[in-house]
Amino acid sequence: MTLQGNAVCLGADIDTDVIIAGRYLRTKDRRIWADHVFEDLDPALAARMKGAVIIAGPNFGCGSSREQAPVALKEAGVVGVIAPSFARIFFRNAINVGLPLMECAEVRCRDAAPVSFSPEGGWVEVGGVRHTATPLSARMLDILRHGGLVEYWRRQQ
Amino acid sequence: MSTLSERILGAPAGSFVDRAVNRAFVHDGTGVLTLEAWRRMERERLACPERLSMLFDHITPANNSTTAALQAELRTFAAEQGLHFSDIGGGICHQLMSEGIVCPGEVVVGADSHSCTLGAFGAFATGVGATDMAAIWASGSTWFRVPETIAIHLEGQLRGAAEAKDIALDYVRRLGMDGGTYQALEFLGEGAGSLSMENRLTITNMAVETGAKTGLFYADAVTAYYLGEYGIRTLPQAVGEGRYARELTLDLDDLVPIIAAPHRVDKGAPVTEFEGVEIDQVFVGTCTNGRYEDLARFAGIVAGKKVAVRTIVVPASRSVLLKAAETGVLSTLIEAGCTVGPPGCGPCLGAHMGVLGEGEVGLSTANRNFRNRMGVGAEYYLCSPSTAAASALRGAIASPEGLA
Ligand code: SF4
Chain L
11 MTLQGNAVCL GADIDTDVII AGRYLRTKDR RIWADHVFED LDPALAARMK
61 GAVIIAGPNF GCGSSREQAP VALKEAGVVG VIAPSFARIF FRNAINVGLP
111 LMECAEVRCR DAAPVSFSPE GGWVEVGGVR HTATPLSARM LDILRHGGLV
161 EYWRRQQ
Chain P
8 MSTLSERILG APAGSFVDRA VNRAFVHDGT GVLTLEAWRR MERERLACPE
58 RLSMLFDHIT PANNSTTAAL QAELRTFAAE QGLHFSDIGG GICHQLMSEG
108 IVCPGEVVVG ADSHSCTLGA FGAFATGVGA TDMAAIWASG STWFRVPETI
158 AIHLEGQLRG AAEAKDIALD YVRRLGMDGG TYQALEFLGE GAGSLSMENR
208 LTITNMAVET GAKTGLFYAD AVTAYYLGEY GIRTLPQAVG EGRYARELTL
258 DLDDLVPIIA APHRVDKGAP VTEFEGVEID QVFVGTCTNG RYEDLARFAG
308 IVAGKKVAVR TIVVPASRSV LLKAAETGVL STLIEAGCTV GPPGCGPCLG
358 AHMGVLGEGE VGLSTANRNF RNRMGVGAEY YLCSPSTAAA SALRGAIASP
408 EGLA
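Residue numbers (this note's numbering), protein chains in the order written: chain L, 11 to 167; chain P, 8 to 411.
Honestly, the hints are just simulated from the structure, not real lab data. Think of the CB as a built atom: it goes at the ideal place given N, C-alpha and C, for glycine as much as any other residue. Some hints could be false.
[Claimed, not checked] Computed list of chain L residues with no C-beta within reach of chain P, every gap over 12 Å:
1. Gln14
2. Arg41
3. Ser75
4. Arg76
5. Glu116
6. Arg120
7. Arg155
8. Gly158
[To be verified] What follows is a list of derived Cβ distance ranges for each label pair:
9. Glu51/P / Leu151/L: 46 to 56 Å
10. Asp121/L / Trp150/P: 30 to 40 Å
11. Glu367/P / Lys38/L: 26 to 36 Å
12. Gly167/P / Pro124/L: 31 to 41 Å
13. Gly138/L / Arg166/P: 58 to 68 Å
14. Pro145/L / Arg181/P: 25 to 35 Å
15. Leu242/P / Ala54/L: 50 to 60 Å
16. Asp121/L / Gly167/P: 48 to 58 Å
17. Pro19/P / Val139/L: 34 to 44 Å
18. Arg118/L / Asp94/P: 49 to 59 Å
19. Pro277/P / Thr37/L: 34 to 44 Å
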């Protein structure tokens with residue numbers, strides 16, 4: 011799979027409270043999470059998520075185990091997240107809810123530049139410049155292709 | 008020899024393994040999403056209800072009718088499926104798991120990031136998200152990547168007013184918020200052996216603040232004695248020379264009380280550097296420092312005096328509260344002017360019971376001081392129970408040196 015979108019640049023150590031604040035968690039309404047994504051970082055960001063590829067600094071998604079974080083991003087229309095490293099629970103959760111993500115040490119973000127990336131090919135292209143990234147494992151790709159662990163698991167039975 | 012994680016998971020670092028879990032738990036927050044994912048998986052019965060727990064702690068008692076309805080649904084599910092259930096007022100999931108449930112050598116998974124706390128027993132304990140947990144409900148097992156390990160050698164002994172929380176804030180400060188990502192932390196050395204089980208739980212609790220998958224202490228005589236009180240017999244785990252990705256030594260003899268400044272857990276520095284910073288509220292509790300030892304230490308300092316700012320104390324579990332009531336710690340706290348909340352997470356996650364307002368400054372014994380976590384527009388400092396006590400008496404950040 012090759013995925014495409016427009017870059018939204020974010021910094022390092024973006025925690026899950028910043029992605030979706032605790033005060034919005036007591037609901038099952040995914041739209042609410044999508045509407046308030048990154049609110050405490052910059053309230054204008056939520057509107058830019060449709061078709062976005064987030065390119066962030068190291069340790070994206072640190073903090074709590076809340077799965078609402080990757081769900082909120084996906085629901086808001088984020089195509090994928092690229093960062094040098096992710097917090098491990100966020101990484102697992104993203105795959106499990108069908109949000110593509112990749113580790114790429116060298117990528118430089120240019121806000122709004124076109125981005126494409128290949129989770130199996132192991133590369134990320136920003137504004138026409140290609141960088142090597144860590145490809146996802148066969149199992150992770152399989153889960154992503156099913157749109158997440160629930161569907162994957164149902165097919166396994 | 009192997010690291011403790013390698014031994015428990017039975018494979019060298021870097022391998023992917025599927026493992027049955029000995030214990031898996033959710034709380035009222037993550038339980039909601041787990042149940043939703045589980046329903047979408049279209050299963051009828053849990054694979055192993057006897058190994059599963061559901062513990063209400065995050066928003067307890069419920070703060071409004073939406074929360075109450077979500078909790079009612081979980082409660083009904085737990086009764087139908089027959090899993091181990093603890094209702095409001097029972098206590099924080101990690102604390103309850105540490106009260107005679109988790110044993111050395113087990114594989115433990117919680118739908119909460121601080122599940123690494125249980126590594127204090129020499130178990131492999133880590134956090135997962137809701138969908139991973141639903142798959143565990145359905146199958147009783149999950150996959151892991153066996154982590155590399157960072158060895159943290161604790162040399163010497165705690166002295167003066169320094170305590171376990173200061174060890175935690177110190178290693179987080181040294182490793183940084185992503186210094187342990189994907190890895191396990193192992194606490195070794197004579198200093199590790201000298202720490203009580205409660206102290207160890209405080210220390211492993213914060214492993215995830217470095218990004219680590221878990222933090223582990225080797226089970227020893229201290230572990231055996233603690234679990235023995237619950238009628239559980241355990242054997243010590245032999246400490247071997249594992250291959251470590253990195254080694255760090257902390258000299259406990261020189262450790263002083265530490266504070267993590269807003270809004271990063273790794274922004275730690277000696278309390279003395281913040282002396283006099285005015286605060287609006289002190290909060291003592293959470294899965295980091297809501298245990299009996301913590302309450303007792305706090306009470307020892309405020310005994311016979313009055314706190315100068317509003318102070319909220321939330322015991323980590325019902326048995327902690329009960330013990331505090333029996334020993335007089337509870338009345339000391341009340342007489343000193345503290346507000347005591349029901350066992351649970353209290354205001355820790357910013358949902359209710361003591362969240363701060365815009366521009367307010369809080370001092371807390373919790374593990375996270377992320378921006379807006381415990382109230383929008385507020386600032387939080389993290390510290391030990393002793394530092395919290397000294398500061399509560401003064402109404403400003405104060406060193407506990409000489410008081411503890
Ligand atoms: S006390 Fe705080 S950190 Fe611990 S489980 Fe509860 S909300 Fe999480």
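Inset, instruction - Hint by hint, work out which the structure violates, then give me just those numbers in ascending order. - result: 3, 4, 8, 9, 12
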